[in-house]
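Novice: Given these sequences and hints, build the entire structure.
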Amino acid sequence: MRRFLFRGLWCALLLSIALGAQAQTGSSTASDEDAQALLEALDVGSYHDKGEAITAILQSDDERARDWLQALLDGRLQRTEEGRFVVVLNNIGRNWPVADALTEEPLGEMSRRDLDRIGINNALRNQLRSAIAVVDLYSPRVERRRLSAERLLGEVDGDLAGLLDTLISEEDDLQVRQRLTQALAIYQTENGELEGVETLKGSLHPRARVALNRAANGDDPIVADAARSALASIEQNLKLNRGVETLYFGLSLGSVLVLAAIGLAITFGVMGVINMAHGELIMLGAYTTWMMQQLLPGQPGLALLLSIPAGFLVAALVGIAIERGVIQFLKGRPLETLLATFGVSLILQQLVRTVISPLNRTVVTPEWMSGSLIINDALSLTLNRMVVLGFALFVFVGLMLIMRRTRLGLEVRAVTQNRAMARAMGIRATRVDILTFALGSGVAGLAGVALSQLTNVGPNLGQNYIIDSFMVVVFGGVGNLWGTLVAGLSLGVINQLLEPWAGAVLAKIIVLVFIILFIQKRPRGLFPQKGRAAEG
Amino acid sequence: MTTIDLTAKPRARRFATTLLASALAAASLHAVAQENDPIKVGILHSLSGTMAISESTLKDTVEMLIAQQNEAGGLLGRQLEAVVVDPASNWPLFAERARELLAQEEVDVVFGNWTSVSRKAVLPVFEELNGLLFYPVQYEGEESSENVFYTGAAPNQQAIPAVDYLINEVGIERFALIGTDYVYPRTTNRILEAYLQDEYGVAEEDIMVNYTPFGHSDWQNIVSEIRRFGEEGKPTAVVSTINGDANVPFYRELANQGIDAADIPVIAFSVGEQELSGIDTGPLVGHLAAWNYFMSVDTDANYDFIDAWIEHTGDEEAVTNDPMEAHYIGFNMWAEAVRKAGTTDVDAVKDAIIGVTVPNLSGGYAAMMPNHHITKPVLIGEVQDNGQFDIVWQTPSTVAGDAWSDFLPGSRDLIADWRAPMRCGNFNVANGSCGGSTAAEEAEAALAE
Amino acid sequence: MPNANSASRFWLTRPFGERATQIFLGVLLAALIIVTVLHVAVPRGHALHVNAYTVNLFGKYLSYALLAVAVDLVWGYLGILSLGHGAFFAIGGYAMGMYLMRQIGDRGTYGHPVLPDFMVFLNWESLPWYWHGFDMAWFAFAMVLLAPGLLALVFGFLAFRSRVTGVYLSIITQALTFALMLAFFRNEMGFGGNNGLTDFREILGFNLRSSDTRLGLFLASGVALALGYILCRAIVTSKLGRVCVATRDAEARTRFIGYRVERFQLFVFVVSAMLAGVAGALYVPQVGIINPSEFSPLFSIEIVLWVALGGRATLYGAVIGAILVNYAKTVFTGVMPDAWLFALGALFVLVTVFLPKGVAGLLRHLRRRSSSTSPGEATA
Amino acid sequence: MSLLQSLKARDRVFDFMAPTASPVDVRHGPILYMEDVTVSFDGFKAINNLNLTIDDGELRCIIGPNGAGKTTMMDIITGKTRPTEGSVWFGSRHNLLQMNEPEIASLGVGRKFQKPTVFEALSVFDNLELAMAANKGIFPTLTARMTGEIQDRIDEVLSIIGLTALRFQPAGILSHGQKQWLEIGMLLMQRPRLLLVDEPVAGMTEQEMERTAELLVSLAGKQSVVVVEHDMGFVRSIARKVTVLHQGSVLAEGSMDQVSSDPKVVEVYLGADEEAA
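Chains as they are written, first to last, in UniProt numbering: chain S, 1 to 536; chain P, 1 to 449; chain Z, 1 to 380; chain X, 1 to 277.
The hints are simulated quantities; they were obtained by calculation from the structure and are not laboratory data.
Honestly, I wouldn't trust all of these hints.
As a list, the in silico DSSO-like pairs of lysine-lysine whose alpha-carbon atoms are at most 27 Å apart [as the list claims (entries may be wrong)]:
1. X/K264 with S/K331
2. X/K115 with X/K222
3. X/K115 with X/K45
4. X/K80 with X/K45
5. P/K340 with P/K40
6. P/K350 with P/K340
7. X/K45 with S/K521
8. P/K234 with S/K239
9. X/K80 with S/K521
10. S/K201 with P/K234
11. X/K80 with X/K115
12. X/K241 with X/K264
13. P/K40 with Z/K329
14. X/K241 with X/K45
15. S/K201 with S/K239
16. X/K80 with X/K222
17. X/K264 with X/K45
18. P/K350 with P/K40
Specialist: So, in structure tokens, the structure goes:
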């Protein structure tokens, strides 16, 4: 891999010097024959020859070179039967729209059968990336320069190193300059130069650590000591970051549990209904998200936002249907509600299987939710989970407000405390039941919307969460939102703390056993609450 | 009808009974099968429950193949008739259904099963009632039954070439073996560990192994572990034997923690076109999969197959995958063997099918080996943004399936050969008996304490 | 039927005083005989012939029926809705499975005299301690009773002592079986992980792959069901049975008239668990495999449905329910795989909403005149 | 079977060989002492160092406004609630604070709830049989048989509570009053040394009340009876000695007339209640 890479960089270097020179003159365009010939060279069996061909393309300072390489990288540079090269614009389906690689004019659709890809492998892919990176060092666009600088960390070789000094001095973007300096320092450190070690002090980038390790084992004692001390301080710093990371993992897992369970906390806590179909309500929320994305192709973000109310609505409506259709007949028979709603869950699952598909559905993650928030080179927090965490808290606060501030909340609490009394005071308990159940179900729908960003959207989605949800609710204390929040988050954190040394399976088992034993000690959970449900 | 290898001491008794049973079964089959009534083809794939996702398409595949065969005039002048049952992703039910197919419906051949456990569940039934089972999914090996034909990949037809590719073509030096905790990943990873250390001298600390439960959905910790594992400077790859539903959250987590194929490529053995259809492949581009067939294979045979499939399902988006090709091959092999034998009688077909060669969809040929495994090419594909794989490497010639891995102490010196006179699924070349592994010394070890 | 109190003197013979028991045992016996005759006497291919496959199927139903009876004992008469009885069933099954594994001896694919195949290829160099002794039938069969019993004892002791009741109990029983499922999926546990235990050859020296053995197992299941039924009847018609019903309906009151409720609950719970274990042990050799999916919470809930459908607190109702549902399953998964889950789901809903007393309740409703004073027949 | 549990339980061996409760020592007269008993539910004192002694064979009425702590007091005696301070002795040998409900019950303390609770699914006959004093361990219960003397005992009680006709009917179908009676009957079956009766006549007709009165009076002497009642008329009709509880402690004690003439009592309670009655 490295062998390929360095050769790539070396020839890229020649090119870059050329480009550097041309910065004033502007680059030329090779004649179509030459261009055709250049591409012809790519269409060979051995990857070694392909490497050579790429070098050739780089050296021919053709302004289309970068586009060709990019197309090659994306596997969209293909050849027709009559041997002309085209770039595939969109490769979904059996017929693809293409454009001429040389003239860039669109040629309409072509059948897959008539096209041959110019294949590449990861090695070439790396060569191409680094080559494009070096080209991009000279790009007028800052973000391209950033990326390429990023990529050069630990990939610098002698020739490039010589070049970097000038680049750094010319570079006006601070970030790029820092990266380039680091890249250079790593190169120096690897070659056992003290100044490199100095610059790398406190840098958390893994490549820096690797370089320092090398230097620490190097033969020059002074450099070695410097490297060792640098490493020591870095290790300290890393430990801290790991701790933060694990905590974050725990909280995000916890937030998922809270989301999944909190709707249950309401239906279970207030109405004493054990809704086994809760998981399927979550699933419906997730499918709503998918639906929305189908309706609004190309705008996953907007679709996601819209599916928050939509998901709530869908789930809430189904919830009402369940309440009216089944649960109202089972007043005061919690265990029977368990059985009936379990039946409902089976039906809903199979419904999705037959109506939509037994296969999982693709839910796209919008730009602003993908990737991670980079705190430093060692710690970065994944965005989608951060959003979910925030969302969970938002839902929780929302529910709290509903329970504390609104008329409904008041009535709900009244009914929970003493149904008969509440009735006597003219609260329409049945109406409260319906609304409560709708609320609980709706929240489940919201959970589904969030989960669609983390896991499969498929018929079994619900099943994977129902038991955990019950555990969280019971552990936290039935009908107590705070309990659910605390229970969910703490279980999440416990789980993530255990996982590294116990392994995922054992961690889960330990948590379950812990909950069982805990219930023995405190049969009413963390925050017990008197009320109908509490009588079980 | 056959001679029993006299060296086979421990199994001889059971062996005789099996043959007896098979003779009886065969006789009874003849009793009911008149010349003109249709040949019954049993299909044993889950149509409901968790496995329905993967298996229902295989049922459709076999139905399609049967339809095509009938259009082409059937077999031996008789029409083929599909007998479909639903084991509902429930392992005991698999055994029950298998028994139904063989004892009740008296089918001539069965195509079915996906998971190893379901195969293990039906195995005794097929051996007892002497049926024929074609098993189309890649599996952990370590098995060769007289009544089962393994048209999926054995570890040496998938895992081993895959790491060869990683080491020789990509220059990988560290391996994270990540899998779901069941027998296929366990065995595969043990084979790979042994292989990497023996063949390439990869060091202990350069191999990381991790198992997760089915449908595992929280990959944060493991992925960040992988990230650190890969940050040590050596080029690193993940070898994934993660099963089904757990894949989506896994790849999502990879993407979100910023691990892309160029830094740490993931090569998967259980992720095919169908699985990808449920994932947003954008962030996955460049990750790898090792199979014996990809939908993107550029041959006319394949394009015809795809067109037929799309027509059969009436779904423009319908995808094909490796197990479907396995059934395609298996079905044709069986048909060929029936023609050769001139009858659907199980024992006759069992003898006839060994050595049968039929074209596969990737432009080569598949032959049935004496150990009831077949020859397959091994392809490495890279995920593309359109949910297809782009084939970046392939074995120069086809590889013969190995029932018993050379890299597991227990099975190193076992071979399977179902031709007369050996007729043995676990012949021990060391002590020349048909009685499994080097039992003697291991027995001492076990009894010692 | 005559009042339980005035029934005959010894508690074990009391149940025979009841018509329900007599009818039930009569029907069961008849069924066993008929099936046997039709299987053995009637020639193969004859319209009336019952083939090995069907016998095997019935055998499975009977073991399920025993399981259902066990669940009805705790749910119907004690009011404890256990969502974890699948666990006891599975443990009994594993105990039997381990015995059958050891019986394979050196006939496994690796021909190892001691280690089961899965241990050989997962590189276990020696037998884990908890596998010792299972090569002896008496030990294994004892474990079939003791292992589930012990689990029930410990779990029940903790739960009942701290007075975990109703929904909470149901949910932690669910947690119990879920945890066990995850545990048994782990290959380190040494129970074969997901593949479980399979490829059995012999039981007590009889070849498991012969239809005679299968007939034997079928009859054994029938007998076990009869005995289990009589035992449960004896318990519920005894004074203890009435204490259970009392506990179910008014736990505090029962305490105040001097019964240590938690001990009665524990006793019955353990008995029930043991019955479930036996059911599992009979189930495994007939289906030829035991794997962790038997621990799945969904299965445990399904068992409860059988009981609910048949009718709680009647015992024979449980049997009816178990056989009905499983027969339906066999039929529907065959003819309409897609619609099957709809049917099952609808069954859950309809039974709980419109048929709270199940089929048995329906039957009793049809013939009103029989006075229903035997304990527990009024559902709580 | 319940070996493990028996071992856990402090002071006993296997159920089936557990000794029946050792005789209650009443040589010093009183059968129940409550000394400086205090119960506080997070701060609020439901019982505030209550002192109460009941003599053997005495019939005692306890009255007091709502929240006076009458029911809590019963909970303490029967082991349902544990006091924060103080001591409760049954006779001079048994410390009730170290026993749980069943133990106390089998010692001879019977309790009738405010709201009548009988086993509705069981027949009247069964209800009485279960309540009957006997070894209530598991195996004795499992193997218990119906003997002639038990039959007689049950029939006797049935006639006392006048439910002979309904003996085989499920208790669920009884009227409210009949349930009250059945519950009293169950107390009788227990042959308790001390009966705690919480509002026995709630929801009874006049004549039912009278019969109840007679019954309770007739019981006194053989057993000690503590009656908590709101109905002043009823109390007046049976009371020899009356204790007035107020805010968890004894306000006054004595004959009905003494008590009702006590100004404190009149102030906090009677005055208001007399009009009501």
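Novice: Each of the hints needs a verdict: does it hold here or not?
Specialist: Quick rundown of the hints versus the structure:
1. As the CA atoms of X/K264 and S/K331 are separated by approximately 48 Å, the hinted pair breaks the 27 Å bound.
2. For the suggested pair X/K115 and X/K222, the alpha carbons sit about 26 Å apart, so the restraint of at most 27 Å is met.
3. Note on X/K115 and X/K45: the hinted pairing holds, with a Cα-Cα distance of about 24 Å set against a maximum of 27 Å.
4. For the hint pairing X/K80 with X/K45, the CA-to-CA distance comes to about 17 Å; that is within 27 Å, so the pair holds.
5. Note on P/K340 and P/K40: the hinted pairing holds, with a Cα-Cα distance of about 18 Å set against a maximum of 27 Å.
6. Taking the CA atoms of P/K350 and P/K340, the gap is near 11 Å; set against the 27 Å cutoff, the hint holds.
7. Annotation: proposed proximity of X/K45 to S/K521 holds, straight-line Cα distance about 26 Å (limit 27 Å).
8. For the given pair, P/K234 sits about 22 Å from S/K239 by alpha-carbon distance, which is consistent with the 27 Å threshold.
9. Between X/K80 and S/K521 the alpha-carbon distance is near 18 Å, which keeps this suggested pair within the 27 Å criterion.
10. The hinted pair formed by S/K201 and P/K234 meets the criterion: a straight-line CA distance of about 22 Å does not exceed 27 Å.
11. Distance check on the hinted pair: X/K80 and X/K115 sit about 16 Å apart at the alpha-carbon level, within 27 Å; holds.
12. Note on X/K241 and X/K264: the hinted pairing holds, with a Cα-Cα distance of about 17 Å set against a maximum of 27 Å.
13. For the proposed pair P/K40 and Z/K329, the alpha carbon gap of about 24 Å is at most 27 Å, so the pair holds.
14. Between X/K241 and X/K45 the CA atoms are separated by roughly 26 Å; this keeps the pair inside 27 Å, and the hint holds.
15. Restraint check for S/K201 and S/K239: the C-alpha separation of about 16 Å stays at or below 27 Å, so the hint holds.
16. Of the pairs offered as hints, the one joining X/K80 and X/K222 holds, with about 26 Å between alpha carbons and a cut-off of 27 Å not exceeded.
17. Among the hinted pairs, X/K264 with X/K45 is consistent with the structure: their alpha-carbon atoms are about 21 Å apart, no more than 27 Å.
18. Among the hinted pairs, P/K350 with P/K40 is consistent with the structure: their alpha-carbon atoms are about 17 Å apart, no more than 27 Å.
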